[in-house]
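Colleague: For reference, the chains in residue letters:
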Amino acid sequence: MEFDFSPVIEYLPTLLQGVGVTLLIGLAVAVISVLGGQIVAVITLYTRKVVNWPLRFFIWLFMTTPLLLQLYFLYFGLGELILIPAIVVGILGLGFHYMAYNADIFIATIRSVSSGQYEASRSLGFGHLRTLFYVILPQAFYRALPQLSNNMIIMVKDISVLSAIGIGEMVYVSQYAISVTFRPFEFYITIAVIYYLINLMMEAGQTWIERRAAYRR
Amino acid sequence: MDFNLMIEITPLLVKAAWVTVDISARALLFGFIIASVLVTLRTSRIPPVRWFARAYISVVRGTPYFVQLLLVFYGGPAIGLRLDPFTCGVVVGAFNIGAYMSEAIRGAIESVDSGQNEASRSLGFGRLETLRYIVLPQAAGLMIRSVGVLAIILVKNSSLVSIISVIELTYQAQRLIGSTYKPLEVFTLSALMYIVIIYAVMGIVEFCYRRATRYAFL
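So the protein sequences, as listed, match chains D and L. The letter at position 68 of the first sequence is residue 68 when you use the working numbering, and the numbering goes up by one with no holes. The letter at position 206 of the second sequence is residue 206 when you use the working numbering, and the numbering goes up by one with no holes.
One chain only, chain L, in its complex shape (with noise of 0.2 Å):
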């Protein structure tokens, strides 16, 4: 082990680190939007509605995540989709996470007592404020652990982003291996980083968890 390359590749490293947490923070925001609308749209009074998104999330979550990027980064400019790297990234990794999301969310809700909605619903509460007050409340602890779980998949695959040439932490490690010539060295401290980056994202899903069922009675 050559310490001193180490330390020295370190603020190139932590650089491309940051470019892996942004990534992911924009495609788990984008891919909230996105779930929450998947859930709206599974949960939906017209049929055909119901069967666009089971069709959207079957299909997301059955093809390779990896053979989507691919698609949309080099096939995309066919349709007429020119994307920069960093940007398809974050649609593909947003479009994604969004639909094991949406699962995730509607798990979460359905977990919920039916008898809570159909108590709140004849106490005269609205369908959105049953939502709002009663069902959400309730569902929330599972649901921000299983979107933890998520984010801490969506922090994970980032590195496949390296393949449309992203300049991310899995990227800017090869880069420096083939300037280095230390494959050992590199890689131990990119996947320390990641490590680092997974128990952050783990520590606020802890801390969101502890917060969202303070007033549970569990």
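So here's chain D without its partners, still in its complex pose (with noise of 0.2 Å):
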């Protein structure tokens, strides 16, 4: 059996695009669920059972189901009921699967910061919001990086996954070439060799994220 990666030069430029709507996405879904597991993890700590019950059913609820289902569920099954964009969809799918993650780390980092911190602020005459975000958030966030970036990792890798919904990211794109040129391997091993070298530069952002990390802690 002989390889032939012509045709995948020939579609490079599509793979390409590909590749920048996986990492647009990425981006996206990190800002998303890095900010909104912040926001989940203070509500669920700092409000009365109302308001976190639900919270915590949902962190629950995202977390033992699996990611594709999900979004099955939000394109297919709410699309019965408003129709959303794909991309909105899975964007949003993505970002609400690895916000109920973060929100589980920021709980525990939130709770490891000591109390003696926030009883020396309150003393020190701060109030309960301002000790929130001048003390103890700013600790708890430097004490999730390590997980936080391990997320990350593990989240650009599910981006693939999104191709299911009909999102025109790196693995549709090459599905369409394939479709067109016959050539599954050919394609699924670039596809594998860029997502190992994107993976590759995100490990050395997260050496250099811990770094940082260990020196401001």
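Hints were generated in silico from the structure; no laboratory data involved. Warning: the hint list may mix true and false statements.
Quick list of in silico lysine to any residue cross-link-like pairs, SDA-like style, CA-CA up to 25 Å [stated by the list, open to error]: (1) L/156 - L/135; (2) L/182 - L/14; (3) L/15 - D/77; (4) D/157 - L/146; (5) L/156 - D/142; (6) L/156 - D/49; (7) L/182 - D/82; (8) D/49 - D/158; (9) D/157 - D/21; (10) L/156 - D/5; (11) L/15 - D/63; (12) D/157 - L/76; (13) L/182 - D/79; (14) L/156 - D/123.
Footprint (simulated), chain L over chain D, 3 or more residues, beta carbon under 8 Å [unchecked claim]: (15) 55-68; (16) 76-87; (17) 160-171.
Quick reminder that beta carbons are idealized off the backbone N, C-alpha and C, glycines included.
Given two chains presented individually in distinct reference frames, assemble the corresponding complex, making use of the accompanying hints.
Modeller: Okay, structure coming up:
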């Protein structure tokens, strides 16, 4: 069996476009999931049960069901009620999924900031909210960084699943190219290599962030 | 919500859920064997063997499971590797989770204080005996916990196997939607089944953890 990578080179511009879409989705999801996770964690920890129980349920639900099912649910299930574009469903679905995981991390790290910090800040005249925003959350955030970057590395790989609801990222684009050229092996191996490169870069970023976080802690 | 429909399709979904359990259980079993081999290679005294294991783990963890599935199932025939969908799901699942699991097992073994190893060796235990009687019993608790997390990930990942048309829970749900046009009901039911499966896995992990740490002085 001989390999012929010329179709891959021919479709390279299309593939690179897919890579761009993947990276953009990754960025959007990272922002949504980290900010959302932070907000969900704070609400879960500092509000009454009536407010935070639905949120706990939400975290639990997103952590115990598969991502693909969640995406299908949001896309086909909710599509019955309101029509949402696939790209929005993809970004929000992936965003919510990782929001749940990130919220879980933030809850743990906020709890791990010693209560002495809270008391000291209050006795120095900071209010409850100011203590939260200037003292507790920054410390918790730096502690959460290693695990957060870990989650983000896993998340980038899960973007490939979005092809199942027809979002034009790398895998979807290559599936289209394969249906024209009948060269699945060459295209998928190329995708795997691109993902591996992205992953290596993210791992390098992770070590860098971890070093910075250790310094700021 | 159409409850009559939900009751009607339950047997079909339960059957599909069993396929999900089956595929995950087999992948977990073979994955554990692969992971054990990888740990052995990873800690080998011959450098090229170590490098091979490290490279394998890095590549598998660095590429999406989804792409691995597609590559083996659709790309495999190009290099003479023809697998039926179910086998492909098990094989790719096992090789994928094996890489993650080898790191979990290695982490658990390395978490045991090295003084334990040295003390045992100086008392005349051999390398394997030390591993069997001193290190592994102490590493078991952490190992079971982290392998348990991976088992849950494996169950959730098995939904991706629907993409190569194995009739498991997610694929069956899609087929049922194709015939009933009731996505909300079908997906709610299949989500419930995933939750049941995952709770069962969590229960088993908890049971094993309790048994493994029965005699621990913690």
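Colleague: Could you grab the alpha-carbon distance between residue 182 of chain L and residue 82 of chain D and see if it respects the 25 Å cut-off?
Modeller: 14 Å, holds
Colleague: Holds or violated: are the alpha carbons of residue 157 of chain D and residue 146 of chain L at most 25 Å from each other?
Modeller: With Cα atoms ~21 Å apart, residue 157 of chain D and residue 146 of chain L stay inside 25 Å; holds.
Colleague: Is the straight-line distance between the alpha-carbon of residue 156 of chain L and that of residue 135 of chain L 25 Å or less?
Modeller: 31 Å, violated
Colleague: Need the status of pair residue 156 of chain L, residue 5 of chain D: alpha-carbon distance at most 25 Å?
Modeller: 34 Å, violated
Colleague: With a C-beta cutoff of 8 Å, work out whether three or more residues of the region 76-87 of chain D approach chain L closely enough for the coverage to hold.
Modeller: holds (count 4)
Colleague: Are 3 or more residues of the region 160-171 of chain D near chain L, judged by a Cβ distance of less than 8 Å?
Modeller: It holds: at least three residues are needed, and the region 160-171 of chain D offers 5 whose Cβ sits within less than 8 Å of chain L.
Colleague: Can you tell me if the region 55-68 of chain D counts as covered by chain L, using C-beta to C-beta distances under 8 Å and a minimum of three residues?
Modeller: holds (count 6)
Colleague: Please work out if residue 15 of chain L and residue 63 of chain D have their alpha carbons no farther apart than 25 Å.
Modeller: Holds, because 23 Å separates the two Cα atoms, which is no more than 25 Å.
Colleague: Just to be careful, I want the Cα atoms of residue 15 of chain L and residue 77 of chain D compared with a cutoff of 25 Å; is the pair within it?
Modeller: 22 Å, holds
Colleague: Within 25 Å, alpha carbon to alpha carbon, are residue 156 of chain L and residue 142 of chain D?
Modeller: 30 Å, violated
Colleague: For the pair we were handed, residue 182 of chain L and residue 14 of chain L, check the Cα-Cα distance against 25 Å.
Modeller: 18 Å, holds
Colleague: Keeping to a limit of 25 Å between CA atoms, is the pair of residue 156 of chain L and residue 49 of chain D held or broken?
Modeller: 29 Å, violated
When held up to the earlier numbered hints, the structure conflicts with 1, 5, 6, 8, 10 and 14 and fits the remainder.
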